[in-house]
Amino acid sequence: YNIAPRQPVAVVRINAAGERELAFLSWGLVPAWADDPAVGYKMINARGETVASKPSFKQAFRSRRCLVPADGFYEWQKAGPQKQAYHITLASGELFAIAGLWERWQRGDSMLETCTLLTTSANEDLQHVHDRMPVIVPPESYAAWLDLGSAVAALTSLIRPLPPGLLALRPVSSFVNNPAHEGPECLQA
Numbered sequence: 051y052n053i054a055p056r057q058p059v060a061v062v063r064i065n066a067a068g069e070r071e072l073a074f075l076s077w078g079l080v081p082a083w084a085d086d087p088a089v090g091y092k093m094i095n096a097r098g099e100t101v102a103s104k105p106s107f108k109q110a111f112r113s114r115r116c117l118v119p120a121d122g123f124y125e126w127q128k129a130g131p132q133k134q135a136y137h138i139t140l141a142s143g144e145l146f147a148i149a150g151l152w153e154r155w156q157r158g159d160s161m162l163e164t165c166t167l168l169t170t171s172a173n174e175d176l177q178h179v180h181d182r183m184p185v186i187v188p189p190e191s192y193a194a195w196l197d198l199g200s201a202v203a204a205l206t207s208l209i210r211p212l213p214p215g216l217l218a219l220r221p222v223s224s225f226v227n228n229p230a231h232e233g234p235e236c237l238q239a
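The opening position of the sequence shown corresponds to residue 51 in the working numbering, with each subsequent residue numbered one higher.
No lab work stands behind these hints, which were simulated from the structure alone.
Where hints are given, some of them may not hold.
[What the hints assert, rightly or not] Think about it this way: if two alpha-carbon atoms lie no more than 35 angstroms apart in a straight line, the pair counts; the simulated DSBU-like pairs of lysine-lysine are:
| no. | residue 1 | residue 2 |
| --- | --- | --- |
| 1 | 92 | 128 |
| 2 | 104 | 92 |
| 3 | 128 | 108 |
| 4 | 128 | 104 |
| 5 | 133 | 92 |
| 6 | 108 | 92 |
| 7 | 104 | 133 |
| 8 | 108 | 133 |
Computed from a prediction, not measured in an experiment: that's the story for all the values here.
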């Protein structure tokens with residue numbers, strides 16, 4: 051109900067044998083070259099427009115893409131001194147997958163696998179709440195997103211907002227603002 055940065059998230063990725071696998075990774079990308087894993091706490095999202103060229107993400111974009119299954123996500127609208135949380139789902143109620151990248155950071159005996167979510171400009175459904183949204187990959191493009199042989203042009207064509215009319219937004223209470231809160235109460239208005 052309420053996954054926050056640094057918590058484990060389920061991802062689908064391609065393993066060393068070339069097969070799809072389900073893994074649980076810490077949300078907040080720590081590049082393999084980072085000196086300190088704390089950098090990941092700042093990299094929960096990656097702007098889709100720059101992911102192919104930005105040093106923090108370009109290697110993962112080329113060879114470590116993943117899909118993050120979801121049934122919804124939250125965005126906050128600034129409303130004066132307070133923020134109003136919204137739970138956003140597909141209008142159809144179906145599950146969906148968010149485009150992600152993953153990394154393996156290792157120093158000595160310490161190993162950490164992390165991920166980040168790709169974002170793009172908000173579509174018309176969401177613009178009044180927030181200016182960004184996750185990149186939602188259509189089911190027919192799951193294989194292309196995960197395929198390590200996909201051309202950069204094919205991948206970047208997937209980094210776009212959903213067409214308008216496909217999202218449902220519902221205001222929820224401030225209960226969800228605390229990452230320690232979990233359960234169906236997060237979805238109550």
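Looking back at the hints listed earlier, which ones does the structure fail to meet? none
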